[in-house]
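Q: One-letter residues, chain by chain:
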Amino acid sequence: MNFQLKVWRQKNAQSPGKLVDYGVQDISPNTSFLEMLDILNENLLRRGEEPVAFDSDCREGICGTCSLTVNGEAHGPDHPGAVCELYMRKFRDGATITVEPFRVGAFAIVKDLVIDRIALDRIVQAGGFISARAGSAPEANSTPIPKHDSELAMEAAACIGCGACAAACPNGSAMLFTAAKVSHLSLLPQGRPERVTRALKMVQVMDSQGFGNCTNTYECEAVCPAEISAGFIAKLNREYARAAVQRSAGE
Amino acid sequence: MIGALHAKIPHGPLDQKWCSHRDHLRLVSPNNRRKLEIIVVGSGLAGGSAAATLGELGYRVKCFCFQDSPRRAHSIAAQGGINAAKNYQNDGDSVYRLFYDTIKGGDFRSREANVYRLAEISNQIIDQWVAQGVPFAREYGGLLANRSFGGAQVSRTFYARGQTGQQLLLGCYQALCRQITAGTVQMFPQTEMLDLVIVDENAKGIITRSLRTGRIDKHAGDAVVLATGGYGNVYYLSTNARGSNVTATYRAYKRGALFANPSFTQIHPTCIPVSGEHQAKLTLMSESLRNDGRVWVPRRKEDCDKPPNEIPERDRDYYLERKYPSYGNLAPRDISSRAAKEVCDEGRGVGPGRRGVYLDFADAIKRLGENTIRERYGNLFEVYEKITGENAYKVPMRIYPAVHYTMGGLWVDYNLMSNVPGLFVIGEANFSDHGANRLGASALMQGLADGYFILPYTLPNYLAGQIGKRTSPDSPAFQQAESEVRARIQKMLAVKGKRSLDSIHRELGLLLWDKCGMSRHERGLREALAKIPKLRDEFWHNVRVLGDGEDFNQSLERAGRVADFLEFAELMCLDALQRKESCGGHFREEHQTPDGEALRDDENHAAVFAWEFQNDQQPPNLHREPLHFETVHLTQRSYK
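Protein chains in written order, with my numbering: chain Z, -5 to 245; chain Y, 31 to 670.
What the simulated footprint calls covered on chain Y by chain Z, stretch by stretch (three residues with Cβ under 8 Å from a Cβ of chain Z suffice, anywhere in the stretch; the number is not a length): (1) 154 to 162; (2) 300 to 308; (3) 568 to 581.
Quick caveat, the hints were computed from the structure, so don't treat them as lab data. Where is the CB? At the ideal position from N, CA and C, for every residue including glycine.
Make a model of the complete structure from these sequences and hints.
A: Set out below in structure tokens:
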């Protein structure tokens, strides 16, 4: 298969970027999208041009490193899945494909298609954890957890932290990301003691990092590689309201 | 020159060694902990749990990872589960049985005392994770569920769908985040360790390069902990993440740390077969699939190109069930991999190039219904379909072995300290607990045991004697190491040759896969040992690395890693050549039983092979640490 690529090239955060045209030929349909970019980079290297910088690591959809917008869609057209799980057989032969980084106000562009997502780490650092000191844990089966709660917590916990939700959102909101962590932990009995501070602090930091607000467009859910339901955003809103009321009542 | 290797295994009965050892380790008082700085390289299950736990104890920790966030370390990709001897299933499990299965699974090439300690700690790990909010699978009554895994006849594996590694790593990451907020851990993402600094024979710091800006920095500490994972990517194609590499451990080796059993690599039996030259990595299909999938190939070569559904039952060879009736499809990884290679070598493989075998769920779907199978393995079936375009509910999966894990690593004593005082090595980066073959669901267990419950006890024992001894990062040893790092980078950029990095790495990988892969023999290993230096030469004279050192430069990052693989590969082959026996994943064709099973030589080879670097001109020195078995009786591993 042959493709016409329009790839975002940008030297660093300060300099302006632009789309550059490249052609790739004789690509097997069993090639993954990132392998196709590897082939492009080999070609560029042979011509003495600097390869396109893009991030990836596990290349099996779990580490959340890859972060490309393909033809305007975060992670490309094959949902659900990260762009490393996208295969060229999903495209028509001869197609023109536009490749850009995730575009979110809170993520600076490092180089070409590589972005800086430290803002997501900061949200988790604000309270996305359970304070359980190593060595202090009770016997694992001493607290039964209803299977339903545990499964629901697992659905929220499946988030891979890629940031596609924010990239797809017209407001650049990280509500789905934050909601997933708040929901995962508050659904489990072990997470309840810190529930109030967690919801308040994580939302506060999310806002301070420059992410936008949620206006219920559901674009996040549509592109999420881990299929996190937007229903968790409603849960976050409830958790937040509950926490705010409790806090203002001095509880 | 290093004297006799002293593993420092405590005296006393096996089940009391760790307990009594702990009682006599030195402690560091809380006000002194604040003054001590610990460098942790790597943020996976081992490094992340160590950094978080040491931070919790009040030490000042600097944690480094090459990924853009510690949440992306490769532990995240572990699928199947984590073992523990809880015996929740009432099926006869115990700490002793987990210990025995693990040491037998490793083909009796690991230390009894280490493995017993691992089995003992396994239960605490599960308690800890539940307390930290890991959503493990549960029964309807709300209690924890288990499944079975290869190499065991009990169900002792705890899991979170097919994403156990992810859930544990995120738990780890969250604990780390808590310490970052508390100010005890300082995190350095996108930062790679390029050298170890030794001052007065003690590990006192590291040299790093920021992958973001290209900046070289010197970091001084009171101890260095390496948790940098395995070196499977030496084969180019493996199930490891693209960034996984040997650089940190290999650099430490070149500074004097011993590298143990480098040829012990695990080739995992259930991966998606290679589809073409473009391929950059291989994908694992969790071993848990072998609980319900049946492995087979056609009985006759002529049937290999027929669609599988047209091959009747009588013309299929369920070779694992035939050869290993008591373990069947749950035979350990090394044995299952070799069996797959054998049937493919006979020409009975399926798929492209006939390098594949079927993993068939038809019987399980008939017995349990498609929904149950979807519930158990749904995400794995989806991954399979994305990569191959095939629906495994309808046609059997095709699988083939691929490089997955490395049992070898830096040599450590019972305290997880290498022969270089102050250099500790944990998780996959050390060699300690898996012998010549790791059983499924025990990598997560080992990384976490090391990071949560062993290192926090053994590290203070060293640190207690180091208070006030930290060296300034401006001292000569640091400056020397820094200038060597800079010179090496410049040398790589100055080659300006014609060949791409990937093409050299791919050539190295094919060579190793062929000569030092699932089976090895003397002639092949000698051939590889002759070819590797030539390829290394090709790299240093003809590689093309664009861009410069003071910038975000992914080609340069990879070039440094490939350069180290090109040296390390030689050490692997040398080790494989010297180990004149077959054991676990190390199968020497010259040493096999009449029915083709691994033939150990306990008299001469029941030992750890630990290699000491001399210089670039001379081969390394081999040191042997004899393995003493006081409790278990060495037998030929039988899964029949």
